Amino acid sequence: MSLEEPDPTDAVPAATSADAMEALVSEHVLSRDDHLNAPGYVVRPDAVQDTLSTLRTEAGLDHLSCVTAQEYEDRYESIYHLKSYDDPTHEASVVVPTPKDDPRSQTAEPVFRTADWHEREAYDLVGIEYEDHPDPRRILLPETWQGHPLSLNYDQERPQIVPLSEHANPLQDDQRGDEGETMFLNIGPHHPATHGVLHLKTTLDGEQVVDVDPDIGYLHRCEEQICQNGTYRYQIMPYPDRWDYISAGLLNEWAYARAIEDMAEIEVPEYAQVIRTLGAELCRIAAHMLAIGTFALDVYGDFTAIFMYAVRDREKVQNILEDLTGQRLMFNYFRLGGVVWDLPEPREDFFETIRDFLDDLPQALEEYHDLISQNEILQVRTVDTGVLPPEVAKSYGATGPVARGSGIDYDLRRDDPYGYYDELDWDVVTDDGCDNYSRLFVRLRELEESAKIIEQCVDLLEDWPEDNRTIQSNVPRTIRPEDDAEIYRAVEGAKGELGIYLRSDGTEKPARFKIRSPCFSNLQTLPEMSNGEYIPDLVASLGSLDIVLGEVDR
Amino acid sequence: MIGLLKGMAVTMKHALNGKTFTVEYPDVAPEVSPRFRGVHKFSQERGIWCRQCENVCPNDTIQIVMDDKRNGEQYNLHIGQCIYCRLCEEVCPVDAILLTQNFEFTADTKDEFVYNKEQLKNVPWYKGIDPLNSRNPDRDAWIGEGEGEIDYQ
Amino acid sequence: MKASWVLLQNGNATGNATNATAGGVARPPSAPLADSIAGMLGLDGAVAGPWAKRKITAAFTDRIAVNRVGPFGLLIIVADAVRLLSKELIVPDGVDRPAWDIAPIVIPFSALLGFAVIPFGSGLQLADPETGLVFAFAAASIASLGVVMAGYASNNKYSLLGGLRAIASNIAYEIPLIVTAASVVIFAGTLQMSEIVAVQQQTLIEIGGVAIPQWFAFVNPFAFALFILANLAEIGRNPFDIPEAPTEIVAGFQTEYSSVYFVLLYLGEFIHIFLGGALAAALFLGGPSGPVLPGFVWFYIKMWAFFLFTQWARSAVPRLRVDQFLDAGWKGMLVLSFANLVLTAILVGVIV
Numbered sequence: 001m002s003l004e005e006p007d008p009t010d011a012v013p014a015a016t017s018a019d020a021m022e023a024l025v026s027e028h029v030l031s032r033d034d035h036l037n038a039p040g041y042v043v044r045p046d047a048v049q050d051t052l053s054t055l056r057t058e059a060g061l062d063h064l065s066c067v068t069a070q071e072y073e074d075r076y077e078s079i080y081h082l083k084s085y086d087d088p089t090h091e092a093s094v095v096v097p098t099p100k101d102d103p104r105s106q107t108a109e110p111v112f113r114t115a116d117w118h119e120r121e122a123y124d125l126v127g128i129e130y131e132d133h134p135d136p137r138r139i140l141l142p143e144t145w146q147g148h149p150l151s152l153n154y155d156q157e158r159p160q161i162v163p164l165s166e167h168a169n170p171l172q173d174d175q176r177g178d179e180g181e182t183m184f185l186n187i188g189p190h191h192p193a194t195h196g197v198l199h200l201k202t203t204l205d206g207e208q209v210v211d212v213d214p215d216i217g218y219l220h221r222c223e224e225q226i227c228q229n230g231t232y233r234y235q236i237m238p239y240p241d242r243w244d245y246i247s248a249g250l251l252n253e254w255a256y257a258r259a260i261e262d263m264a265e266i267e268v269p270e271y272a273q274v275i276r277t278l279g280a281e282l283c284r285i286a287a288h289m290l291a292i293g294t295f296a297l298d299v300y301g302d303f304t305a306i307f308m309y310a311v312r313d314r315e316k317v318q319n320i321l322e323d324l325t326g327q328r329l330m331f332n333y334f335r336l337g338g339v340v341w342d343l344p345e346p347r348e349d350f351f352e353t354i355r356d357f358l359d360d361l362p363q364a365l366e367e368y369h370d371l372i373s374q375n376e377i378l379q380v381r382t383v384d385t386g387v388l389p390p391e392v393a394k395s396y397g398a399t400g401p402v403a404r405g406s407g408i409d410y411d412l413r414r415d416d417p418y419g420y421y422d423e424l425d426w427d428v429v430t431d432d433g434c435d436n437y438s439r440l441f442v443r444l445r446e447l448e449e450s451a452k453i454i455e456q457c458v459d460l461l462e463d464w465p466e467d468n469r470t471i472q473s474n475v476p477r478t479i480r481p482e483d484d485a486e487i488y489r490a491v492e493g494a495k496g497e498l499g500i501y502l503r504s505d506g507t508e509k510p511a512r513f514k515i516r517s518p519c520f521s522n523l524q525t526l527p528e529m530s531n532g533e534y535i536p537d538l539v540a541s542l543g544s545l546d547i548v549l550g551e552v553d554r
Numbered sequence: 001m002i003g004l005l006k007g008m009a010v011t012m013k014h015a016l017n018g019k020t021f022t023v024e025y026p027d028v029a030p031e032v033s034p035r036f037r038g039v040h041k042f043s044q045e046r047g048i049w050c051r052q053c054e055n056v057c058p059n060d061t062i063q064i065v066m067d068d069k070r071n072g073e074q075y076n077l078h079i080g081q082c083i084y085c086r087l088c089e090e091v092c093p094v095d096a097i098l099l100t101q102n103f104e105f106t107a108d109t110k111d112e113f114v115y116n117k118e119q120l121k122n123v124p125w126y127k128g129i130d131p132l133n134s135r136n137p138d139r140d141a142w143i144g145e146g147e148g149e150i151d152y153q
Numbered sequence: 001m002k003a004s005w006v007l008l009q010n011g012n013a014t015g016n017a018t019n020a021t022a023g024g025v026a027r028p029p030s031a032p033l034a035d036s037i038a039g040m041l042g043l044d045g046a047v048a049g050p051w052a053k054r055k056i057t058a059a060f061t062d063r064i065a066v067n068r069v070g071p072f073g074l075l076i077i078v079a080d081a082v083r084l085l086s087k088e089l090i091v092p093d094g095v096d097r098p099a100w101d102i103a104p105i106v107i108p109f110s111a112l113l114g115f116a117v118i119p120f121g122s123g124l125q126l127a128d129p130e131t132g133l134v135f136a137f138a139a140a141s142i143a144s145l146g147v148v149m150a151g152y153a154s155n156n157k158y159s160l161l162g163g164l165r166a167i168a169s170n171i172a173y174e175i176p177l178i179v180t181a182a183s184v185v186i187f188a189g190t191l192q193m194s195e196i197v198a199v200q201q202q203t204l205i206e207i208g209g210v211a212i213p214q215w216f217a218f219v220n221p222f223a224f225a226l227f228i229l230a231n232l233a234e235i236g237r238n239p240f241d242i243p244e245a246p247t248e249i250v251a252g253f254q255t256e257y258s259s260v261y262f263v264l265l266y267l268g269e270f271i272h273i274f275l276g277g278a279l280a281a282a283l284f285l286g287g288p289s290g291p292v293l294p295g296f297v298w299f300y301i302k303m304w305a306f307f308l309f310t311q312w313a314r315s316a317v318p319r320l321r322v323d324q325f326l327d328a329g330w331k332g333m334l335v336l337s338f339a340n341l342v343l344t345a346i347l348v349g350v351i352v
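Chains as they are written, first to last, in my numbering: chain A, 1 to 554; chain B, 1 to 153; chain C, 1 to 352.
Among the hints, a few may not be true.
[What the hints assert, rightly or not] 30 angstroms max Cα-Cα, derived DSS-like pairs, lysine-lysine:
| id | chain 1 | residue 1 | chain 2 | residue 2 |
| --- | --- | --- | --- | --- |
| 1 | C | 157 | A | 201 |
| 2 | B | 13 | C | 53 |
| 3 | B | 117 | A | 316 |
| 4 | B | 6 | C | 157 |
| 5 | B | 110 | A | 452 |
| 6 | B | 19 | A | 452 |
| 7 | B | 19 | C | 331 |
| 8 | A | 316 | C | 55 |
| 9 | C | 53 | B | 110 |
| 10 | C | 53 | A | 316 |
| 11 | B | 6 | C | 53 |
| 12 | C | 87 | B | 6 |
| 13 | B | 19 | B | 6 |
| 14 | B | 121 | A | 316 |
It should be emphasised that the hints constitute simulated quantities derived from the structure, not laboratory data.
Keep in mind it's a predicted model, so treat the numbers as computed, not measured.
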């Protein structure tokens, strides 16, 4: 097995147990509110920064994975889910309750840069205000929106038509740059290269980018609310496919399946775990193929052959997934406790199809390397552009190929294992380049690793004894987890760490369903990467971040 | 320069080997897997009006109207709104509704996509493949031997 | 097709213009000749745009492209022409009216003007002044004016960026282009196009009974490569398609044009590509020379080979970033083209 053992000579922070961490921040902790995945420390709203920075420096929790905001009957609550980049199973939650009539708490942005956008979203959807936040605007909904949709007293019938022209401040002057001449350009929602409906408000000095301000929310489909209106057992499962809709559906479904299975303590049979792993890695190959193809599209121009080759290879994966799950994009294949269908009959044909695909893959990768990574002009374009140093990446909560392209060795499949990953032989790919080229390279190499995993899974499934092929454990028709159980679980999605926070209130539908989307945190690094660089570099950096607006906006 | 030239050589190779990955639809009908989830087909003879499908549908696409004697009057399914998740087929105890492999359906307005009982009964099989047969190994748990033919037309 | 009728008119105008200004003419330019050359080029552009480009890129990407409308899909040209010309011509608010309207006419006009002096072979040459080469390049450069007119007059920041990039790139690559062409002049000893072509008919060496003609590409392949690269930059094609760069600045200077204007710009771009190919063929590939087939056909083949090459580059070569592109022009190509000039002088001294 090539799983890396943690290096014993690494400085292990002193405080890793729950009580030791509590001792570190004891002057702020009001009480304990343990979640199913981590100890939870309730702190006062004005002690947020102290608590978080202490935990960060002395307990080694340097990854602010998610900021959940919710409203109870008697209070508001912000939860900061902290993890460690070195060991994601070392977690803590910092719970910050605020009173109903004055929901203000201190911002965590000086400690973790990723809190910037997460708190803006918390304000936008739930209504909690964060003091001293550098940019307290709404993020997903338009500026003119009235009300906070996920709060309990939101009025859906309230009229919302407030045009932006009326909303604009009549006393505000036209913006003119002070030093030199800058030009404001909307790299708007309609653009060939923004990978979806993303609005970038760029300020340009000639061809150089002075400031870029991403404006998201054009694809906000209230996924969290939809899931809160569906039952755990069946109705939520079709929706995770639609977050990262570029063929990474099974990875998203696994995030939800993992969260609810850990919360309701549902066992998944081993055979189903292997099938899940197989499906998830096929999805990862499809997602990375498209990421590479669209990146080539951005850098090579619209008629590039690479995009077509990537889509062609992706078609083969989608055909395999269609044989397995019945659909090519929105799979709805996982169920609580397993998967819904066994492998298609005849099994040998299915294995042969997969093996043919895997045999063709090295040659296809050879072509991609010839076309992409060996191309001098591409190297000139992407090496040393879009630089994201690892410390900055960690502060922004970047995960997935973006983090691994900056040298951060973080992969939840290995560090926080689920499925069958810890029984298989594969490596985590990192690259120290910190630029666009290394992110692209990481994705190309990850294709090979996923192929390795799939091959091992196919070998295992072929020899699996016939009497042991349970695909779904016996789960009751309705699931009602106990009241006030909270859990935050994450999986390694195609773009990074996809986490789900669930809180149950004793009914069959969740009381709070918060999605931690990897692209949301990754996109926040865009200004870091492109301020001071040229427009073509901005476009290339955006392509290398590989965002899917469905996941950013949910 | 070498990398550039290698890249150009790769594309030229593709141009000259004459293979195509696309097919000339609709002259060549694409291969569709037996498990493909297409338009629904509903059989009134098999339905027992238990309303499980309506209950489980994630976005309220199925609408069942009963009269005051609890007989089923209408069964409406908006195939434009449906997300093709197949939960209705999965939860149905008698295989009254199932998803064929037919993905070719058109209409002029969105309202025409609300299929009632009659229209759902008349949905054609794709290439004549009966999806129930092709999914047999999975469906044995539900289908008993039964008497008489399955009466989808 | 309405577009080719407009082009025919332009062709007619060019014939008269060159007659008035040039010194010696090989044969009196005739209206039917001008019309037929312009019409032929219009046809070339029409075939290249909707049909050939799609078929070629499809071949590179394992696809079957247009093959439904007409034999081999050729009637797609008619369908596309009708479709494009029947669209609404949207005039955005705030465009600078005369400049915005004239720009799409200037661009194809400049290309057609350049075609007046190209020796097509088989006796087809509209005008043959003693300074034919200079005239061709001068005419082609008028397009830069058209591009910046389009970019600036469109009242659109994307167009402005595209127009400015186009001007920067044209200026940067104009000099290497002309210096490389000047090396041809050193070799041929004359600026007259028909003479340049004639010089290249002589035999360079005999290999196994086959006489290899003195095509300048064989004599100095380095100059040939430089010329092709500089030409790619002039016409705005990968790896130098910065002015248009759809994934960065939407459509560059073409963003605000629709219907007829768009057709003119689109065809103009293709005619410029063919002009570049024609110049490369005439200067480096011996123009209309070749065994068996009439000269005219060989010239056509060479022109279209250049077009094929641009499509091939488009499929496989990424584009340079704008500052790298300008660096390559001023620091790379300029130096190389001057070095090539010296090299040619040495070569000519040795061979001739």
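Here is what the structure says about each hint:
For a cut-off of 30 angstroms, the pair hint linking residue 157/C to residue 201/A stands: about 13 angstroms separates their Cα positions. For the proposed pair residue 13/B and residue 53/C, the alpha carbon gap of about 18 angstroms is at most 30 angstroms, so the pair holds. The hinted pair formed by residue 117/B and residue 316/A fails the criterion: a straight-line CA distance of about 37 angstroms is larger than 30 angstroms. At most 30 angstroms may separate the alpha-carbon atoms for a hinted pair to count; residue 6/B and residue 157/C exceed this at roughly 37 angstroms.
Of the pairs offered as hints, the one joining residue 110/B and residue 452/A is violated, with about 46 angstroms between alpha carbons and a cut-off of 30 angstroms exceeded. With a C-alpha separation of about 28 angstroms, the suggested pair residue 19/B and residue 452/A falls inside the 30 angstroms cut-off, and the hint holds. Distance check on the hinted pair: residue 19/B and residue 331/C sit about 42 angstroms apart at the alpha-carbon level, beyond 30 angstroms; violated. Between the alpha carbons of residue 316/A and residue 55/C the distance comes to roughly 24 angstroms, so the proposed pair stays at or under 30 angstroms and holds.
Taking the CA atoms of residue 53/C and residue 110/B, the gap is near 37 angstroms; set against the 30 angstroms cutoff, the hint is violated. Of the pairs offered as hints, the one joining residue 53/C and residue 316/A holds, with about 27 angstroms between alpha carbons and a cut-off of 30 angstroms not exceeded. For the suggested pair residue 6/B and residue 53/C, the alpha carbons sit about 22 angstroms apart, so the restraint of at most 30 angstroms is met. Under the criterion of a C-alpha separation no larger than 30 angstroms, the hint pairing residue 87/C with residue 6/B is inconsistent with the structure, at around 42 angstroms.
A threshold of 30 angstroms between alpha carbons decides the hint, and for residue 19/B with residue 6/B the separation of about 20 angstroms falls inside it, so the pair holds. Proximity of residue 121/B to residue 316/A is assessed by CA-CA distance (about 34 angstroms); at most 30 angstroms being required, the pair is judged violated.
Hint compliance for this structure: hints 3, 4, 5, 7, 9, 12, 14 are not met, and every other hint is.
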